[in-house]
Each structure stands twice: as C-alpha cells, then as structure tokens.
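Asker: Start from chain A and add chain H according to the hints.
Those protein sequences? They're chains A and H, same order as listed. With numbering that gives the first Met the number 0, the residue at position 182 of the first sequence is 181, and numbering never jumps. With numbering that gives the first Met the number 0, the residue at position 95 of the second sequence is 94, and numbering never jumps.
It should be emphasised that the hints constitute simulated quantities derived from the structure, not laboratory data. Note that this is a predicted model, so its numbers are computed, not measured. No residue lacks a Cβ here, since even glycine has one placed at the ideal position from N, Cα and C. Hints are supplied without guarantee of correctness; some may be wrong.
The following residues of chain H were derived to be distant from chain A, with all beta-carbon distances above 10 Å [stated by the list, open to error]:
| # | residue |
| --- | --- |
| 1 | Gly10 |
| 2 | Leu23 |
| 3 | Gly52 |
| 4 | Leu70 |
| 5 | His87 |
| 6 | Leu94 |
| 7 | Ala96 |
| 8 | Val98 |
| 9 | Arg119 |
| 10 | Phe131 |
| 11 | Ile133 |
| 12 | Ala205 |
| 13 | Leu236 |
| 14 | Pro241 |
| 15 | Val257 |
| 16 | Leu261 |
Label-pair ranges, simulated between beta-carbon atoms [what the hints assert, rightly or not]:
| # | chain 1 | residue 1 | chain 2 | residue 2 | range |
| --- | --- | --- | --- | --- | --- |
| 17 | H | Pro190 | A | Gly35 | 30 to 38 Å |
| 18 | H | Ile99 | A | Ile70 | 40 to 48 Å |
| 19 | H | Ile99 | A | Asp230 | 52 to 60 Å |
| 20 | H | Gly56 | A | Ser115 | 48 to 56 Å |
Here's the letter readout for the chains.
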Amino acid sequence: MTGLNATIVVERRAFRLDLALAVPSGSITAVVGPNGSGKSTTLRVLAGLLRPTSGRIELERRLLDDVASGIHVSASDRGAGVVFQDYLLFPHLTAVENVAFGPIAHGIRRKVARASAHGWLERLAIAEFGSTRPAHLSGGQAQRVALARALILEPPLLLLDEPLAALDASTRVDVRAELRSQLKTYSGATVLVTHDPADALALADELIVLDRGGVVQRGAPRAVAASPVNDYVAGLFLNSGT
Amino acid sequence: MADLRERRGSGIPGILWIPAGIALAFLVLPLVALIGQVPWAQLGQIIATSDIGQSLGLSLGCGIAATAVSLVLGVPLAWVLARSSDWHPAIRRTLRALVIVPLVLPPVVGGVALLLLLGRHGLIGQFLNSWFNIQLPFTTPAVIISEAFVAMPFLVLAVEGALRAADRRLEDAAETLGASRWMIFRRVTLPLVAPGVVAGAVLCFARALGEFGATITFAGNFPGVTRTMPIAAYLALETSPPAAYVISLVLLVVSVGVLFALRDRWVSGLSS
Chain A
0 MTGLNATIVV ERRAFRLDLA LAVPSGSITA VVGPNGSGKS TTLRVLAGLL
50 RPTSGRIELE RRLLDDVASG IHVSASDRGA GVVFQDYLLF PHLTAVENVA
100 FGPIAHGIRR KVARASAHGW LERLAIAEFG STRPAHLSGG QAQRVALARA
150 LILEPPLLLL DEPLAALDAS TRVDVRAELR SQLKTYSGAT VLVTHDPADA
200 LALADELIVL DRGGVVQRGA PRAVAASPVN DYVAGLFLNS GT
Chain H
0 MADLRERRGS GIPGILWIPA GIALAFLVLP LVALIGQVPW AQLGQIIATS
50 DIGQSLGLSL GCGIAATAVS LVLGVPLAWV LARSSDWHPA IRRTLRALVI
100 VPLVLPPVVG GVALLLLLGR HGLIGQFLNS WFNIQLPFTT PAVIISEAFV
150 AMPFLVLAVE GALRAADRRL EDAAETLGAS RWMIFRRVTL PLVAPGVVAG
200 AVLCFARALG EFGATITFAG NFPGVTRTMP IAAYLALETS PPAAYVISLV
250 LLVVSVGVLF ALRDRWVSGL SS
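Just chain A, with the same shape it has in the complex (with noise of 0.2 Å):
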C-alpha cells in the first residue's frame, strides 16, 4: 500500500505510547483523544521532531524511521508538511514570505518561490492579504497560511495538529467546512490530531481513539460515534465542541 505505515513506540518515565497506522495516500486518518493521551506525541515523531523509543515509519516505501536498524531521518530532509497547532507562523515574516520558506530551503530561488507562494495564497483564497504579517490575520487566515506553507512542498504526508483548536466556536464551523474542502485536493496521506471527535466526523476516513498511549478504538468515524466500546469513548462524542 503507498501511503503511510508506522508502527510507534515512544517511552517516557510512566507513559507508553503504543500505535499502529496505515494511511493510504490520499485518505484522512484522525488521531483523537484528550490532552496527555499521546497524540502530539504521535505527530511529533511522524515528523521526525521526537525519535521514537522502537518502531517503523514508512511513507511512499521509503524508510523514514527504523529503531532497529538505526535508520532516522531528520525532520528537514523527510519532507512531511505539517500545520501546527497555533499554526507557528513566522511572525516577522508576512504572509507570502511564510508560504516561501520552504521553497526557500531547498534551494529556490527567492523570486520563484515568491511567485510560488503568492499562487498557493490565491488557491486558498486568501492572497489580499499576501504582505499582511500573521499579527494581523484572523485566526482563519492564518490556518489558510500555514496550510498554504505546508502544501507548497507538496509533502506526500500532511501533519494536522488541532488545526481548529485556536479558533473561536462561531468560526470554527466555517474554517472546518474549507479545510474539507483544501484537503480534497490534497493526494498524499493526511494524519489529522485532535482533541474534538467533530474535526474527525468531518474530516476524517479513519477515526483512532487514543487514551494514555494506547488505542481504545478504531474504525469509520460514523462507525465509533455510533457504537464506542466503552464510556470512555461515549464520553468523548458527548463532550464534542460542536
């Protein structure tokens, strides 16, 4: 299968996170839990911040992490985009010299990767605000900027961390119907991490239920919303934001 495949161990004095994933390209897969539950963890070693104690990380068949073997490469040479959460734009740069950076990195020239960025703020609609810093963009904005920052390298994995979680209840609606349809588009594998089972009903073709490093449950989304195995799960859908 192209896609993802990782299999993470990481532990930490009294935590252990244990998790399997299989994203194909081109499909969703949400990790949801509470704080404390693993998933940035999760989201830190799929993007080669965090070494994991043992496991694989595969992606498109190439070898991204392998403890046993000693094979680990860096985050700036693995090419995963990622959108963090507070989307960490750069904030003495403006909107399009965010966008530039990573073209910027591999070696671009500046005025190309300029040309670049602007056309990747025009696909998501948000090229008025080109020279704007991130200051001054509305919580949207800037998650439409770092997605745009992630994306222009065209990484065969996205990294989605809380996307929605800086954002207020009346815009987080609107925000979450366009980064449906952004991701659309997208063809590599997303791994979206979220503490709100809605982002996951929304977004997600695989919903993984995370508790204290482990997986309580998996499956469709629908699916777990419909039937969770325990009340912990149950509780999770009741509480949703939305």
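Answerer: Coordinates of chain H only, in the frame set by chain A:
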C-alpha cells in the same frame, strides 16, 4: 475601573514618602549640580581648545569596537547558555556564574587580571611578546579589551533572556520545512531575538563608554591612544575643572541618548 482605582488610593504608608523623596533627590541632585556648573558661555571655546574631541573620538571608537567584539563572541555564548538545558545543572550554573563575574567584579580588579593574563609577563602575554612581538598593555586594543571584558556580560544576559523567551516551536516549524540549522539561526531565531540583541548591544555600549577602572589599569592614560572620556574627565578635574564639567556633560548627554534608545520599541525583548 478608573474610579475604583481612585477610591482605593495609593496605599503608600506616610512614613515611606520621606526616604523615597530623599532617594530621588540623591539620584537627581548631583546631575542638577553638574548641569548648573557647566560653563555654558565658554562651551564652544573649551571644546575647541582642549582635546575633548580626541577623547570623545577614541571613546566612541573603542566603545563601538568593544560592542562589536561582544556581539561576535557574546551572541554565540548566550546561545550556548540558553540552549544548554540538557547539560548537568552544576555545569550550567558554573557557566552562568563565570559570565556574571565581570559584572560584579570591581573593574580595577578586572584590569589587574587582564594585565596578569595579557601583560608582557602574563600567562598569554609572554608568548604574544616573545613569539609575535605583540605588547597589548597601554595600547588602544587594550582599551577595547578592557571595555569588552566589563561590558560583554550585559549583552550575553540580554540575548540569553530573549532566547529563553523565544518560542522554540517556530524552529521546529522551520525544520519541517527543510531548513538547515544555519538557515533556522539566520532566518528564524536571530530575527526573533533581534530586539534583545539590540537592547543588549546598547547596554553594552553604554557600559563600555563609561569604563574607567579596568581601562586605566590595563591600558593606562596616553592622550590619543588610551585616554578615553571618563579618564580625561578625571584628569581635567585637577588641571582645568571647567573642561571636566564639559566632558561630564557630553557623557551625560550620550547616556541619556542611550536611555532614549532603550525606551524605544526595539527594546521590548529586554523585558520579556
């Protein structure tokens, strides 16, 4: 809200007003006295006839050079200090203490120590002398070294503070976009801490400009070579007091200028 605050009053016990007033007067009155004594009428003449211009030029040049040295060496040191969180705590504490020592050390002691290191018979100075025929004491480079020794800690601490406050996750973001460590340093972290670097450089320059003890001990007092403004002011007090007042006024003006620069938006990094 404002009404509430007014009704609350300041809450300052009456007895504190007296020492607070004395403290303020104590800090301000000497400067008032100085400004009052400046021979304004002969200001132009004194500046023209004495070698104030020479001293000022030397002071500014050495201050800028000392700040440049502190930037080139101090920013990397601040980096190491700020990012040494996985080192043993004892090593980290020792490193920090070593950086702060020149801050609390009497400058004259610093000057003596520099002589013992870089003097003709010093720990390193003897080799500079016998191998390269370089004698540092009582030269202009010695002034720069003295000033950098005393002033660099200000810069290191300011930059370290800014680095600790900077969001490291932005570096993660840059890394996932394929940036090398050098590019992350240059295009992400350095711009983020730029206000702290500027604030540190301004503080460092101000301290270097006022340096007296270490400079006169290690570099001496040669007109045009090592006689900086503070030393010139001290000497002029004996020979022609009005010149000393003028020099002091010039230094005061420069210091107030620094204060103005500090209050600017550039310095936001210092408080964070």
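Asker: To test your reading of the hints: which numbers does this structure violate?
Answerer: No hint contradicted; all consistent.
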